[in-house]
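Quick note, the sequences are listed as chains L and E, same order.
My numbering applies: residue 1 is where the first sequence begins, and numbers increase by one.
My numbering applies: residue 1001 is where the second sequence begins, and numbers increase by one.
Honestly, the hints are just simulated from the structure, not real lab data.
Be a bit skeptical, because a hint or two may be false.
What the hints assert, rightly or not - For lysine-lysine, the following DSSO-like pairs were computed, each having C-alpha atoms within a straight-line distance of at most 27 Å:
{"id": "1", "chain 1": "L", "residue 1": "7", "chain 2": "E", "residue 2": "1168"}
{"id": "2", "chain 1": "E", "residue 1": "1087", "chain 2": "L", "residue 2": "86"}
{"id": "3", "chain 1": "E", "residue 1": "1087", "chain 2": "E", "residue 2": "1007"}
{"id": "4", "chain 1": "L", "residue 1": "166", "chain 2": "L", "residue 2": "178"}
{"id": "5", "chain 1": "E", "residue 1": "1217", "chain 2": "E", "residue 2": "1267"}
{"id": "6", "chain 1": "L", "residue 1": "86", "chain 2": "E", "residue 2": "1165"}
Unchecked claim - Simulated DEER-style distance windows between Cβ atoms:
{"id": "7", "chain 1": "L", "residue 1": "102", "chain 2": "E", "residue 2": "1131", "range": "35 to 41 Å"}
{"id": "8", "chain 1": "L", "residue 1": "159", "chain 2": "E", "residue 2": "1109", "range": "54 to 60 Å"}
{"id": "9", "chain 1": "L", "residue 1": "103", "chain 2": "E", "residue 2": "1268", "range": "31 to 37 Å"}
C-beta: ideal position from N, C-alpha, C; glycine also.
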Amino acid sequence: MYDIEIKNLSVNYDSVIALKDINLKVKNKEFLGIIGPNGGGKSTLLKVLLGLLKPSKGSINLNTNKPLGYVPQYSHFDSEFPIKVKDVILMGKLTKEMFFHRYSDKEMKKVREIMDAFGLLKYQDRQIGQLSGGQIQKVMIARALIMEPDILLLDEPTASLDSNAKSEIYKILKNINKDKTIIMVSHDLEVVSSYIESVACLNKTLHYHGDNNELNKETLEKTYGCPVELIAHGSTPHRVLNRHREENND
Amino acid sequence: MIDVIFKYTFLQNAIIASILSSIVCGIIGTIIVEKKLVMMSGGIAHTSFGGIGLGYFLGIEPIIGAIFFSVLAALGISQIGRKAKTKSDALIGIFWSTGMALGIFFIGLTPGYPPDMTSYLFGDILTVSKTYLYIMVIVTVLLIFSILAFFNHIRAYLFDEEFLKVLKIPSVLLESFLFVFIALSIVVLLKVVGIILVIALLTIPPAISKFFTYDFKNMIIGSIIIGMFLCLFGLYISYRFNIPSGATIILLSSFLYFIMVIIKTMKKRFD
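Just chain L, with the same shape it has in the complex:
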């Protein structure tokens, strides 16, 4: 039973190939990490999944009738914008009904519950930019969760966070993963930690590593196109994936 099935997907920006012949199946309640260098097409892949970009070729099958939850990159929005934390989260409840749209009491209650669970309740009336990086990420995750999605997509949720905030975000994600499928994009190699079930390396083409694979130096060098140093700290659980079977000639 797959939540997402991507077949022969290609995306071109004019003459530039962003994604080439991607095949990917994501299982229900899988926690997939997609790693790869900047410009490797990670954000593009998320945008095609979200329907923000049209594929040039291939197909995407989403096995859900709910919208996909989405946590954009940290730098994506203007943190100076005059909007309160609770109003950011409530955005997840917006619908096509624009005319005199007001949030229901039920929706307000739901937002309070999720803010409480994330320890954001005391910041609910703060302007979004007055929060710390980790707190802002929690707000963004809360906004995605309030959409009640089956599948959650995250674009570099831990970029520019310190290691404490990072592990807090991962703990939240691990918890969410109990009943939701998660795809997380990152160029941060630390994400290849025990939190993540499977890893795909993306640099225009995609290499998927299932549960029992190991990540090695050569694989990473092929993905990143440069020598990669793998540092394993004693206390950080890590694992190594197998070499890609097919040759990447690009």
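Guided by the hints, dock chain E onto chain L, whose structure is given.
Structure of chain E alone, referenced to chain L:
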């Protein structure tokens, strides 16, 4: 002053026009400042000059021409920007200069003595006519109604329009709607403070308002109140000392803004 107001209709009109433009500026100004559309608004304002020229050339009310040109500019800049690979900054420059050139072109083609264009460049609140006041009232009422009707979606669009697309909400529709309103508002302000000074009245009240609040709704309300104070006080000074009203309002506004900046900096130093 009060008895003078009751005596002269032009002063009454000027005061009503001031209040209406403060409302328009408070709403549209907050939107364009927060969405970083100030340059685009400048482009729209100057493109409308072409419409004023066309109005004179065809012998119709110049404001009608200005509305037509400004709406065209607003939609043109957003649509072409999305389709062609031209940076919106460059596009704004193209519309800006083309509009101004068309204005000069049409005025040149108009037979007879050239009309006085300075009232459109610098504005003259003391010459606002009854008809014009009616147009302003209609636009203001429509604007207030729209911002109330679409408040949640407009705020969400300004903050994170991509997320609206994720929710499958037609953000392009919302954007076009907003841009048309920006264009209409600029035309409304044209006669009051003139093309050159439209930008100041759109940016300064929201900038001052942001010193006091971090909430979008309060920022709009604050901008409206600050705008009203600046317009009416500016009008009083201009009447009292017999100096041009548009320039007075703007100079007063920027003066207040810089005073606020100084107070803010001092406060930070002593905190």
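We went through each hint and held it up to the structure:
1. 7/L x 1168/E: holds, 23 Å
2. 1087/E x 86/L: With Cα atoms ~34 Å apart, residue 1087/E and residue 86/L exceed 27 Å; violated.
3. 1087/E x 1007/E: Roughly 52 Å separates the two Cα atoms, so the pair is violated.
4. 166/L x 178/L: holds, 19 Å
5. 1217/E x 1267/E: holds, 25 Å
6. 86/L x 1165/E: holds, 20 Å
7. 102/L x 1131/E: 35 to 41 Å: holds, 37 Å
8. 159/L x 1109/E: 54 to 60 Å: holds, 58 Å
9. 103/L x 1268/E: 31 to 37 Å: holds, 36 Å
Violated hints for the displayed structure, listed by number in ascending order: 2, 3.
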